[in-house]
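Listed in order, the protein sequences are those of chains A and B. Per full-length UniProt numbering, the very first residue in the first sequence carries number 1; after that it's consecutive. Per full-length UniProt numbering, the very first residue in the second sequence carries number 1; after that it's consecutive.
Derived by calculation from the structure, the hints in this document are not laboratory data. Built from N, CA and C at the ideal position, the CB exists for glycine as well. Among these hints, one or two may not hold up.
Stated by the list, open to error - Beta-carbon label-pair distances, calculated as ranges:
#: 1; chain 1: B; residue 1: Pro129; chain 2: A; residue 2: Lys103; range: 55 to 61 Å
#: 2; chain 1: A; residue 1: Glu20; chain 2: B; residue 2: Lys169; range: 51 to 57 Å
#: 3; chain 1: B; residue 1: Glu130; chain 2: A; residue 2: Lys100; range: 44 to 50 Å
#: 4; chain 1: A; residue 1: Ala56; chain 2: B; residue 2: Ala79; range: 18 to 24 Å
#: 5; chain 1: B; residue 1: Lys75; chain 2: A; residue 2: Lys75; range: 22 to 28 Å
#: 6; chain 1: A; residue 1: Lys75; chain 2: B; residue 2: Val162; range: 36 to 42 Å
#: 7; chain 1: B; residue 1: Arg166; chain 2: A; residue 2: Lys100; range: 53 to 59 Å
#: 8; chain 1: A; residue 1: Arg82; chain 2: B; residue 2: Ile105; range: 50 to 56 Å
#: 9; chain 1: A; residue 1: Glu5; chain 2: B; residue 2: Val162; range: 42 to 48 Å
#: 10; chain 1: B; residue 1: Ala79; chain 2: A; residue 2: Pro177; range: 38 to 44 Å
#: 11; chain 1: A; residue 1: Gly119; chain 2: B; residue 2: Glu123; range: 56 to 62 Å
Unchecked claim - A few chain B residues facing chain A, derived, Cβ under 7 Å:
#: 12; residue: Thr10
#: 13; residue: Val23
#: 14; residue: Ala45
#: 15; residue: Phe48
#: 16; residue: Asp104
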Amino acid sequence: MKYEEQLLMELKAEITDRVERRRRLTHRLYAGGAAVLVAAAAAFAVPMLTGTERPAYAVTKNTDGTVRVEINEFKDADQLERDLAAAGIKADITYVPAGKQCKAGRGQTGGTALGGEPGSGASWMRDGGVEIDPRRIGADRTLVLEFAGDHQETAETKERPLLWRLTGSLIVGQVAPCTVIDDSSWEAGGGS
Amino acid sequence: MRRKRAEIATDPVAFEAFYRRHVDALTRFLARRVDDPHTVADLVAEVFVAVLDSAHTYRAELGTEIAWLYGVARKTLSAERRRAYKQYQLTGRVSGRRTLDIDDIAELEQRIDAERRARQAFEAMAELPEGERAVLELVVIDQLTVTEAALALGIRQGAAKVRLHRARKKLQNLPFVMSGASE
Chain A
1 MKYEEQLLME LKAEITDRVE RRRRLTHRLY AGGAAVLVAA AAAFAVPMLT GTERPAYAVT
61 KNTDGTVRVE INEFKDADQL ERDLAAAGIK ADITYVPAGK QCKAGRGQTG GTALGGEPGS
121 GASWMRDGGV EIDPRRIGAD RTLVLEFAGD HQETAETKER PLLWRLTGSL IVGQVAPCTV
181 IDDSSWEAGG GS
Chain B
1 MRRKRAEIAT DPVAFEAFYR RHVDALTRFL ARRVDDPHTV ADLVAEVFVA VLDSAHTYRA
61 ELGTEIAWLY GVARKTLSAE RRRAYKQYQL TGRVSGRRTL DIDDIAELEQ RIDAERRARQ
121 AFEAMAELPE GERAVLELVV IDQLTVTEAA LALGIRQGAA KVRLHRARKK LQNLPFVMSG
181 ASE
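Put together the whole structure using the sequences plus the hints.
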């Protein structure tokens, strides 16, 4: 049937679109990450999953001992922290709006929080989610993850250099609360 | 399984293979439930978009692709019914209303006609409780195994067996249960 072929073409174009959207975001993130690296942390723009009727996030344990977090909406940070604690991960999760960041220096940093490849840090991005290895965090440390921006692309977010950014750090001992300040790398051209 | 997910939702070639394997069965699945060619065509599109959105829920070890696909189709269909055939829009490039030419419509109508008996069976089953009807539908009309039906509905195999048994008992005097199974 003709319409079946037409539909297949449209669906394949949709897949290419979605993959391209993810790739573009990942690139921006690496380009914008340098400034944050100076502050002993790595920044990643994370390809987000689209969809509206799913829970804000999902935490699953992998068989290799790592824990996978898929975030669909930037909310319920406290509950996510509790769920991660139940999975054996001491984490501090913060969501801030686009154009903002947590002021650097929330504690003494130690170790690689966020790596580009699986196993290269206490956490890394894979397949649209964050994977965490509890064994790489250390008994006295907290994995601090700060998400800035919006979880979903809209007409408005398309104008921005970033959709969202994840900044990770490992902090020894006490973690200071997030003081929200402006982040100039969000201005068009500033971050990419 | 992660690979599988990545493939269907991210690799156009893998998706095309999936699409070609199942588009015919899915069209017939929908033609058993909806008798308007345009709505059937729209629903086929919507189910495949839902496949892209929910490819992460597919687990190869749990059962067949078709059972998983019928599960996605059932959810899409019930969402569609909640909207009560109001206007809706699909995401991205996949447009909301299929453009069908005369041949498309004729062929779809043929399929819808071929599923007429199945639709009559649905009417006869309307009196059953929802849970029992859902299992009976998938097993007797859509020809899934009980295991597959359980997967499509997200329930345990034991529960599916019990529901099927109850439904069959209630309907045992009705002849359509046997004849509805043949296409």
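Task: Cβ distance range 56 to 62 Å for Gly119 (chain A) and Glu123 (chain B), holds or violated - done: 58 Å, holds
Task: Status of the given 44 to 50 Å range, CB of Lys100 (chain A) versus CB of Glu130 (chain B) - done: 47 Å, holds
Task: Interface hint status, Val23 (chain B) versus chain A (Cβ within 7 Å) - done: Holds: closest Cβ of chain A sits about 6 Å from Val23 (chain B), inside 7 Å.
Task: Distance restraint hint 55 to 61 Å, applied to the beta-carbon atoms of Pro129 (chain B) and Lys103 (chain A) - done: At 58 Å between Cβs, range holds.
Task: Lys75 (chain A) versus Val162 (chain B) beta-carbon gap, inside 36 to 42 Å or not - done: 39 Å, holds
TODO: Given the range 53 to 59 Å, decide if the beta-carbon distance of Arg166 (chain B) to Lys100 (chain A) lies inside it.
DONE: 57 Å, holds
TODO: Take a look at whether the Cβ-Cβ distance between Glu5 (chain A) and Val162 (chain B) falls inside 42 to 48 Å.
DONE: 43 Å, holds
Task: Range agreement (Cβ of Ile105 (chain B) with Cβ of Arg82 (chain A), hint 50 to 56 Å) - done: The hinted range 50 to 56 Å holds for Arg82 (chain A) and Ile105 (chain B), with Cβ atoms some 55 Å apart.
TODO: Would you check whether Ala45 (chain B) satisfies its interface hint, that is, whether its CB is within less than 7 Å of any CB in chain A?
DONE: 5 Å, holds
Task: Whether the CB-CB distance between Ala79 (chain B) and Pro177 (chain A) falls inside 38 to 44 Å - done: 41 Å, holds
- [ ] Answer holds if the nearest beta-carbon of chain A is closer than 7 Å to that of Thr10 (chain B); otherwise answer violated.
- [x] Hint on Thr10 (chain B): holds, closest Cβ of chain A at ~5 Å, below 7 Å.
Task: Hint check for Lys75 (chain A) and Lys75 (chain B) - Cβ pair distance inside 22 to 28 Å - done: 24 Å, holds
Going through the hint list in order, the structure satisfies each hint without exception.
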